[in-house]
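Keeping the supplied structure of chain H fixed, place chains V, P, Y and U upon it in accordance with the hints.
Line order of the protein sequences matches chains H, V, P, Y and U. For the first sequence, the positions run 9 to 301 when our numbering is used. For the second sequence, the positions run 9 to 301 when our numbering is used. For the third sequence, the positions run 9 to 301 when our numbering is used. For the fourth sequence, the positions run 9 to 301 when our numbering is used. For the fifth sequence, the positions run 9 to 301 when our numbering is used.
Just so you know, these hints were derived from the structure itself, not from any lab. Heads up, a few of these hints could be off.
Derived DSS-like pairs: lysine-lysine, alpha-carbon spacing no greater than 25 angstroms straight-line [what the hints assert, rightly or not]: (1) H/LYS186 x V/LYS97; (2) V/LYS56 x V/LYS97; (3) Y/LYS97 x U/LYS186; (4) V/LYS179 x P/LYS129; (5) Y/LYS179 x Y/LYS122; (6) P/LYS97 x Y/LYS97; (7) V/LYS186 x V/LYS130; (8) P/LYS31 x Y/LYS15; (9) U/LYS294 x U/LYS122; (10) U/LYS186 x H/LYS122.
If you want a taste of the chain Y side facing chain U, the calculated C-beta under 10 angstroms gives, among others [claimed, not checked]: (11) ASN137; (12) TYR185; (13) GLU187; (14) ILE189; (15) ASP207; (16) ALA211; (17) THR225; (18) SER226.
Since the structure is predicted, the reported quantities are computational estimates derived from the model, not experimental observations. Each residue gets a CB set at the ideal place from its N, CA and C atoms; glycine is no exception.
These are the residues of each chain, in order.
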Amino acid sequence: MIIYNPKDWLHAVFSFHRSETIKKLYPFLFFMAIYSWAIAFFEIEYLKLSEQSWLRNIPSMHSLLGFVLSILLVFRTNTAYDRWWEGRKLWGQLTNTSRNLALRIESLLPINDKVNRSFYKKSIPLFANTLRDHLQSSRTRFMLDEKDHPAFAQLDDSKHGPNQVAAMLFKRTNILYKEGIISGDQFILLNNELLAFADICGACERIKNTPIPFTYTSFIKKFISVYVLTLPYGFVFSLGYFVVPAVVFAFYVLTSLEMIAEEIEDPFGSDLNDLPLSKMANNIHKHVGELIH
Amino acid sequence: MIIYNPKDWLHAVFSFHRSETIKKLYPFLFFMAIYSWAIAFFEIEYLKLSEQSWLRNIPSMHSLLGFVLSILLVFRTNTAYDRWWEGRKLWGQLTNTSRNLALRIESLLPINDKVNRSFYKKSIPLFANTLRDHLQSSRTRFMLDEKDHPAFAQLDDSKHGPNQVAAMLFKRTNILYKEGIISGDQFILLNNELLAFADICGACERIKNTPIPFTYTSFIKKFISVYVLTLPYGFVFSLGYFVVPAVVFAFYVLTSLEMIAEEIEDPFGSDLNDLPLSKMANNIHKHVGELIH
Amino acid sequence: MIIYNPKDWLHAVFSFHRSETIKKLYPFLFFMAIYSWAIAFFEIEYLKLSEQSWLRNIPSMHSLLGFVLSILLVFRTNTAYDRWWEGRKLWGQLTNTSRNLALRIESLLPINDKVNRSFYKKSIPLFANTLRDHLQSSRTRFMLDEKDHPAFAQLDDSKHGPNQVAAMLFKRTNILYKEGIISGDQFILLNNELLAFADICGACERIKNTPIPFTYTSFIKKFISVYVLTLPYGFVFSLGYFVVPAVVFAFYVLTSLEMIAEEIEDPFGSDLNDLPLSKMANNIHKHVGELIH
Amino acid sequence: MIIYNPKDWLHAVFSFHRSETIKKLYPFLFFMAIYSWAIAFFEIEYLKLSEQSWLRNIPSMHSLLGFVLSILLVFRTNTAYDRWWEGRKLWGQLTNTSRNLALRIESLLPINDKVNRSFYKKSIPLFANTLRDHLQSSRTRFMLDEKDHPAFAQLDDSKHGPNQVAAMLFKRTNILYKEGIISGDQFILLNNELLAFADICGACERIKNTPIPFTYTSFIKKFISVYVLTLPYGFVFSLGYFVVPAVVFAFYVLTSLEMIAEEIEDPFGSDLNDLPLSKMANNIHKHVGELIH
Amino acid sequence: MIIYNPKDWLHAVFSFHRSETIKKLYPFLFFMAIYSWAIAFFEIEYLKLSEQSWLRNIPSMHSLLGFVLSILLVFRTNTAYDRWWEGRKLWGQLTNTSRNLALRIESLLPINDKVNRSFYKKSIPLFANTLRDHLQSSRTRFMLDEKDHPAFAQLDDSKHGPNQVAAMLFKRTNILYKEGIISGDQFILLNNELLAFADICGACERIKNTPIPFTYTSFIKKFISVYVLTLPYGFVFSLGYFVVPAVVFAFYVLTSLEMIAEEIEDPFGSDLNDLPLSKMANNIHKHVGELIH
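Chain H on its own, in the form it takes in the complex:
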């Protein structure tokens, strides 16, 4: 993740080398330029279409449908952003829960109980690390796919990582309660934190393994493609060769919105804008270390 100064326009406007969206688009922008130029050349120099040609009025259709495309893309981006922000909230809760658990362990355990202290000092950050690995494996991503994934068959025997860590934490806490080291009231307090671990894991998995419905995303991509590819035919009449930059810019704007949505809707990947899971897991490690002695 990049932390930037939102008020620095120059950097944002000219940061082509960092923003991946525009980099990925370069070949396509180039293609659109050639394509629009070819159509313009063909219509102007060869066909020499008159002002009365019906082709001339195609843009009226583009403006009728341009509205629904725009609003659809903006909602698409916002839905993706909501997923990204929910992912961030979940990892924020993970940080909080880890801190709270450490805080409580620190004051609930007797000062000389080195064994249990050391156990929690290691296990709490371990949950964050295991969850990170779990979320970044492709197996998690295809967990709900309708197709078979033979590649994951052999992995299927291995168990669910975060679940195992949570189970380990829960068991140890239960032993503390049974041995009378913590009271029933304290047991309930600790349990609510452990419960939160499992809920966070489940919610992260949901974001990871449930992309927005395929029909929806497929429809948007078809719509953009047809819309942009038919754009030059009619606009040649009003823009002439200026149709080349105009169409390239329109293509850049419309596909960028979809590409930004694609990039941020899965916040647990390794794109430039994805959440810094490793950094956050390290912070949890550091904070828990500070809190449990």
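Just chains V, P, Y and U, lined up with the frame of chain H:
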């Protein structure tokens, strides 16, 4: 549910065979092509309407109302997506709750209590399976309908499945408490999980048996139909025979949005984009089996 | 409430007899047709206004303001839908809470305690029934009105129904606790359910007695009226007598959106699209009967 | 607050005397009429600008920016409505919490404990009354202002009203617990209600003392003003003297949206559409009186 | 933060000296004026482009894309406002939690326990102060940045301030419980408040150290820049020298929306519209002082 690579445009744009929306639309797209062509032929070759014909200006009305139609359809899709996503969240919570309950049962019950362990190992995944069947039966769908459904009359004696499983789990847990196997504190912890089961079931039923108000959906369909069917009359003047692809594309875009909404607003059906309830129930079965020994 | 097949377009498009919105609009649609025809006739046959007439350009104002009207109406519908959906959620919670309470009563009370069992078996569904009557009385609707309602004066001595049922349930549960039939832990569990009853009642009352601010709804209606009534003057120039169907359709679309919002914003009324409170109360009665023996 | 029949269009459209927005706007509407007429007169009769004048095309800019203004105003209204509705929810919760507390006090306290019963019977409604006064004082509104408010300096010694009532309730409840009149379990139940009192007070204060950021509201007002004041210059060419009603209507629509937002964003004031705090406090008084004997 | 009268239009419209957005924009507005004038001069006086020039139709592209830009900017502002309002809610909760904790400490601790009373009287407001400092340090802001920040290396040894205060409060409360000064029930009540402290801190950190994705903000800035800089070329044909005020105004509107979003998306900075953290921390100090004797 299909898990796909959101960055693979080629696949999304050319996946006609998989996307059901466009498949269902084929006959109607064909009809719209014929219909538009017929109007164009009639107006151009027979009527030979002059440039002054009032028909020419009908598109001004389409552009005035096109805006409200577009924004309505996008909101419709987003409302449907919210229902779909809420359904996914509820099944995510079901997975979590099942896991948490199993985690607790595993450490709360004495190691040699094979009977109770085996009971929970079977009953927890049973809830997910029963809920899936309950949500996919038409009886659940028509639960609140104003009309009589004689076909369901004989079924009415059978009881509410998920309720029965929840009652069974609750009773057994209460017995454990009364027999002193679990303490009052532990009883409260377990009860919160059982409570969550019933809440998830109720919320899923709500999504299933309460479609968006009939007036709303009927209005949108009437609006689209009149809008699209009147589209060619005026546009023939500006587009000529190009009116055929233009109207077909506009029809495709507008009805697709409504059809996507129809498909995803009931996430518990058997459409291609519906939630993989069986897969999720299996995962619950697998995880619970891993956690309770 | 009507449960319908959302994929059945034919039924939705031609269901004039069921959809109340269009039925209520018939006289007004007829009036708009006459009104538009009269203006068209007057402008075309009598005034014979030239192409240069300033009246001709009035539609530019309609298109400038048409956008804000459209987006306002769509937001209006969505706000109303949110209220309707919140009402549905609340009654879903009522169903859940009733079920959960019954579940707990069933396993907490001794099997031979016929008196208390029978008390809860009657009182739990009674709450739903009392709440339904409470929500459908006009007294509840005008609870916060600034004007005096002498008609309700004599009713004012009677007490708040759902409150009385909740008080009755709470007292009995407290007696069970005092008599030692249920433990402190169990008392807390039951109390959370009883608390939920009172919260649901309060939230339903809020939706019922607080319509959206009068200024807002009055503004929207003024806006639609002026907008639609001025529509024909300018469009006669471009549409001629086609102005009649065009204006009637625009009128239908714009007022329908407002009327749908009016109908669904109070989900506890007796409109066709309102929630089936009696059906839901019966379901609660049936489920509770199944759960408590 | 006015409770009205949302389906009564006639009343809503012609209720000029009640709706304050339009009343406040009268002088400005009159000014805009004069202003537009003056510009029309000047451009038409004196300047006799030709069709080629560049002034003629200014409306193209208005339509380019009209969209962003419209959508901004609709979002503005919806943000304000969210605040109003949150305020209503909070007072609904206050009603619920007061009822629940009374319900519990009634059954928890011994029947002959007249002193404590009478204490709660008075103190619970007192909280609502104190909160109402607190929210309607200007001191609360300027609590977070950056400027000094010498007028409130002398008031600064007086303490925070609702806090004092909450403290009084909390102390008495704690005494009941210490004296053994209520058990630990019952103490926790009562405490959750008391906690809710303090949370509701804090949330109401937040809405009261935090208007939307000044930059945002100032920007919207600047935008509307420039937009509306430049409207007649260009439209005179297409509308002639019809520019007068057109501009007055556009002005009415755009400023009304902003004024409605202003009115409802602070739901605790004394505008016609503000929440009926006194009525609600009276209802709480009445209900609590019914519940505690 | 400025508390203003939202109904005072004159002040809002003419408050150039206070609103920072327009002040920062002055040089750029001036630049845009020169730039537009230069283009107008060049096209009109030198090129003397004919009516047939293709440049003339470039605005059709601006209107096609203007819609997506507008809606994008309005959503951007609303996303930023949501962050600002969430920040305000969190500090409102902090105030509430501090008050509630003080309320409880006051009645739970024995009246003569001066030591503990004085401890909480100091520590509770200390949390708010430490959190304010923590949120306003740049180290917090760059906590998740992918780049190294050598400047903060030496600070890294110092510990996390709010964590330390929370740990201190938790430990002391635990000691009270162990010493039997407070009961188990009371311990749970206090703990929920302490837990809330840690959660508020985590949520504030999230808002501070996670700006919206760089790709998104960079895209919006590129889009605005290209859009505004190409605006004058085509509009010179229709507006002539009027293009100068028109482009300057369009530039002002579009960039202002982005700048307002930038300003309010980080509510914990020191901009004019940022939250008055110091004032709120002082209020907490004052209220806690009033409540604990």
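Inset, instruction - Find the hints from earlier in the document that the structure breaks and name them by number, from lowest to highest. - result: Structure breaks hints 1, 2, 3, 11, 13, 14.
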